[in-house]
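Protein chains in written order, with this note's numbering: chain A, 1 to 75; chain B, 1 to 417; chain C, 1 to 361.
Derived from the structure by calculation, the hints contain no laboratory data.
By construction, the Cβ of each residue, glycine as well, lies at the ideal position given by its N, Cα and C atoms.
Each hint should be verified, as a subset may be incorrect.
Which chain A residues face chain B? A few, computed with CB under 8 Å, are given here [stated by the list, open to error]:
id, residue
1, 10
2, 16
3, 42
Heads up, simulated SDA-like pairs for lysine to any residue below, C-alpha to C-alpha not over 25 Å straight-line [said to hold, decoys possible]:
id, chain 1, residue 1, chain 2, residue 2
4, C, 235, B, 415
5, A, 51, C, 228
6, A, 51, C, 119
7, C, 235, B, 93
8, A, 51, C, 283
9, A, 51, B, 38
10, A, 51, C, 212
11, C, 228, B, 85
12, A, 51, C, 247
13, A, 51, B, 223
14, C, 235, B, 85
15, A, 51, B, 85
16, A, 51, B, 93
17, A, 51, C, 218
18, A, 51, C, 278
19, A, 51, C, 286
20, A, 51, B, 82
21, A, 51, B, 266
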Amino acid sequence: MIDGRSVTVEAGATVAAALLNDGVTAFRTSVAGEPRGPLCAMGVCFECRVKIDGVPHRRACLEPCVPGQRIETGG
Amino acid sequence: MAERIETDVAVVGAGPAGVAAACRAAECGARVVLVDENPRPGGQIWRHGAAAAIPAAARAWLARLQRSGARLVMGAAVVDAAPEAWLLVEQGGHCLRIEARQLVLATGARELFLPFPGWTLPNVMGVGAAQALLKSGVSFRGREVVVAGSGPLLLPVAAALAAAGARLRLVAEQAPAADVRRFAAGLWRQPGKLALAARYRAGFLRTPYRTGVWIAAARGDGRLQQVTLTDGRATWSMACDLLCCAHGLVPNLELPRLLRCGLAQGAVAVDEQQRTSLAAVYCAGEPTGVGGVERALVEGEIAGLAAADQPAEAGLRARRARLRRFAAALRAAFRPRDELRRLADPRTLVCRCEDVALSRLQPGWGMRQAKLVTRTGMGPCQGRICGPALEFLFGWEPDTVRPPLKPVALSILGEEP
Amino acid sequence: MGAGIVGAACAEALAREGLRVLVLESAFAGGGATAAAMGHLVVMDDSEPQFALTAWSRRLWTELASELSPECEDDPCGTFWLAADEVELALVQRKAAFYRNRGVAVDVLSASELALAEPQLRPGLAGALYVPGDRVVYPPSAARWLLARAANYGAQLREGCTVRSLGPRRVETDAGRIETDCVVNAAGAGAARLMPGLPIEPRKGHLVITDRYPGFVRHELVELGYLKSAHTLNKESVAFNVQPRATGQILVGSSREFAGWDAALNPPLRARMLARAFEYLPALRSLHALRSWTGFRPATPDKLPLIGPWEPGLFVAAGHEGLGITTAPASGRLLADLVVGRTPGLDPAPYAPTRAMPAPG
Numbered sequence: 001m002i003d004g005r006s007v008t009v010e011a012g013a014t015v016a017a018a019l020l021n022d023g024v025t026a027f028r029t030s031v032a033g034e035p036r037g038p039l040c041a042m043g044v045c046f047e048c049r050v051k052i053d054g055v056p057h058r059r060a061c062l063e064p065c066v067p068g069q070r071i072e073t074g075g
Numbered sequence: 001m002a003e004r005i006e007t008d009v010a011v012v013g014a015g016p017a018g019v020a021a022a023c024r025a026a027e028c029g030a031r032v033v034l035v036d037e038n039p040r041p042g043g044q045i046w047r048h049g050a051a052a053a054i055p056a057a058a059r060a061w062l063a064r065l066q067r068s069g070a071r072l073v074m075g076a077a078v079v080d081a082a083p084e085a086w087l088l089v090e091q092g093g094h095c096l097r098i099e100a101r102q103l104v105l106a107t108g109a110r111e112l113f114l115p116f117p118g119w120t121l122p123n124v125m126g127v128g129a130a131q132a133l134l135k136s137g138v139s140f141r142g143r144e145v146v147v148a149g150s151g152p153l154l155l156p157v158a159a160a161l162a163a164a165g166a167r168l169r170l171v172a173e174q175a176p177a178a179d180v181r182r183f184a185a186g187l188w189r190q191p192g193k194l195a196l197a198a199r200y201r202a203g204f205l206r207t208p209y210r211t212g213v214w215i216a217a218a219r220g221d222g223r224l225q226q227v228t229l230t231d232g233r234a235t236w237s238m239a240c241d242l243l244c245c246a247h248g249l250v251p252n253l254e255l256p257r258l259l260r261c262g263l264a265q266g267a268v269a270v271d272e273q274q275r276t277s278l279a280a281v282y283c284a285g286e287p288t289g290v291g292g293v294e295r296a297l298v299e300g301e302i303a304g305l306a307a308a309d310q311p312a313e314a315g316l317r318a319r320r321a322r323l324r325r326f327a328a329a330l331r332a333a334f335r336p337r338d339e340l341r342r343l344a345d346p347r348t349l350v351c352r353c354e355d356v357a358l359s360r361l362q363p364g365w366g367m368r369q370a371k372l373v374t375r376t377g378m379g380p381c382q383g384r385i386c387g388p389a390l391e392f393l394f395g396w397e398p399d400t401v402r403p404p405l406k407p408v409a410l411s412i413l414g415e416e417p
Numbered sequence: 001m002g003a004g005i006v007g008a009a010c011a012e013a014l015a016r017e018g019l020r021v022l023v024l025e026s027a028f029a030g031g032g033a034t035a036a037a038m039g040h041l042v043v044m045d046d047s048e049p050q051f052a053l054t055a056w057s058r059r060l061w062t063e064l065a066s067e068l069s070p071e072c073e074d075d076p077c078g079t080f081w082l083a084a085d086e087v088e089l090a091l092v093q094r095k096a097a098f099y100r101n102r103g104v105a106v107d108v109l110s111a112s113e114l115a116l117a118e119p120q121l122r123p124g125l126a127g128a129l130y131v132p133g134d135r136v137v138y139p140p141s142a143a144r145w146l147l148a149r150a151a152n153y154g155a156q157l158r159e160g161c162t163v164r165s166l167g168p169r170r171v172e173t174d175a176g177r178i179e180t181d182c183v184v185n186a187a188g189a190g191a192a193r194l195m196p197g198l199p200i201e202p203r204k205g206h207l208v209i210t211d212r213y214p215g216f217v218r219h220e221l222v223e224l225g226y227l228k229s230a231h232t233l234n235k236e237s238v239a240f241n242v243q244p245r246a247t248g249q250i251l252v253g254s255s256r257e258f259a260g261w262d263a264a265l266n267p268p269l270r271a272r273m274l275a276r277a278f279e280y281l282p283a284l285r286s287l288h289a290l291r292s293w294t295g296f297r298p299a300t301p302d303k304l305p306l307i308g309p310w311e312p313g314l315f316v317a318a319g320h321e322g323l324g325i326t327t328a329p330a331s332g333r334l335l336a337d338l339v340v341g342r343t344p345g346l347d348p349a350p351y352a353p354t355r356a357m358p359a360p361g
């Protein structure tokens, strides 16, 4: 689930892949209110943070997709 | 209580250098633990997963690793360390303490991002980043893509994107044409590399590959829509919805610096055995100087052997010397040009975690003062993105490393080590 | 000498008197203990002189609040002194009486009121003393703000200037000698380096800061046993002390140890400090730590700062232990009173740098 929408992904995809394939470009909102998406895709930059199953600050590029996951963007 | 693992050799980082070190040390009979943050060994360059194949040599090394007897601790990040004592590792929300007689640091590298107006727009990402996303299942079919920046990584990534159905509009290498030509000419000694480069180039033949060209700005409303390019004289714009731009690699030095390993020229200083300034700590691969997969493998082998108290074969040392020369030539040819220091305008953000614009930073400060005055480097990435950029822009040395090396639940630090 | 929070406050107070002030700083302003500090502005009841200084100073901070720049992150969040059980609740009542008798507004919170005000605290705490007038600031910015004010009165700041030696009315820097009417040693934990007789030792403390979790706690939270930790002179000790920052990050302290000038983190002590914090805020366990660091509090044997003349032409304003940020403005005023020769705002004797100190151990 991405922001309440149900989405199907390939097995083994990361949450970042699921979001990008779904057309989501703004994963989070910066301190000054800008939309941000993945920059480094290897867990270093922290720009791809989303809330997964209620837990904030999780790096989408490192998280594997799991059936039933709830992903919330824009935090 | 943290789980304790006691071993002869702990290798941090399961990219090529770490894999090679773990193999050689284990094959000599040492008890070896290999630690990596990713779910599978291979690091960045040998990332394999949902949609990725890796070269035969990589598969061979990974198979050798499985046979070697080294203990793999995957999905595990080193968050703190004490020299000659222990590594504090977080794995799946639990705390592990690894005590090893010898340590091999093979922490790899990350991309160098130099700020330019609009670089924070969604759909502006790194070059290796695009490759990593491809491998983790992202579809780039039909995207209008520009690949830009520095270094040989532009070629395989451009080819991979083209093969994945992206509409690759341009590949722009900032290095001057003369430097790139000279470097390519120097590859006659390594026909294999030349052939590889040609194969990559053939993968995006319909796309121009231009040297001496770099990104001046990115524009768009909430996401990338257009890039502006320049060759230092003319500027022109191009519609695009994905920009892959990075300027080579910077070594991951956080763990070596935390341990107080001596540095030289921005890399970990090592001797002939890949030993650092700390007697029981070795370092191999990108952290000793960015230099590619083959050099990382050779250094890894030498470090693994040394950690197991075995000498390195003469052939290994000779190969290392050759590969180091090649790496130095590569770094020189593709070094970021001076004009890249002047791309950012006063409103361009330098610290993305804390949204600090260039205008708020005074060149004479230094990283520590910038942190305290503007919060630059105080966000989750702890200066990993803005730090190298500021070193390029102003010559600022990185500030002291403060653990945890990556954000980790307080409960991990709260366990009695 | 010294552009930390105390040096900055002294510069401001002296410049405001019309004196020509030059501040010499070896690194950059606000980079020492000031940068490591929590920035908690708190009235303390450990002793009458400590109360007098912290109460006066908190009043001064409160008067400044509307003028401080946004970077100072002034937050009138107040302090909750937490009572873990009925025994501590009785101590809370005594503490309340102490403050009330001296004109400091306090409120005693019941267990249910406390739980409502700070839902992340573990159930079962007995209550708390709420001191609504306490505040929080971001110390490096506050120090720079004070220096800017001093500059408005004509003070000058020389950063990157190392003082090699000093004495009455003179300072030797690496750029030459400076003759003056009055030297003020406000060099914090390092004050004794240039004046070996000063009874100031570095007392190391740990801090950990988290990622942004806005609203996790709303007030500065301190355990009643905090003062016990401040008193244990020869051992390592920890005490629960947690602060919400303007960014939504949570700052977790506190620890004390004497380790010379070794700034290296002490992981077992840091773990003890965190474990203590988890006892009060169980959900703290799952918040992400971004960074941990140490700092050196300038500690004196009797827990009071040195503010005043050492000998004619040489003054000291240092040794504030964990209350440097709190007591900076009052220290500046007191020092300026003494330099100028007017009757000081409070009895200076307890802070006299030349006073007799208790024997060590």
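Q) Can you name, in rising order, the numbers of the hints this structure does not satisfy? A) Of the numbered hints, 5, 7, 11, 15, 20 and 21 do not hold.
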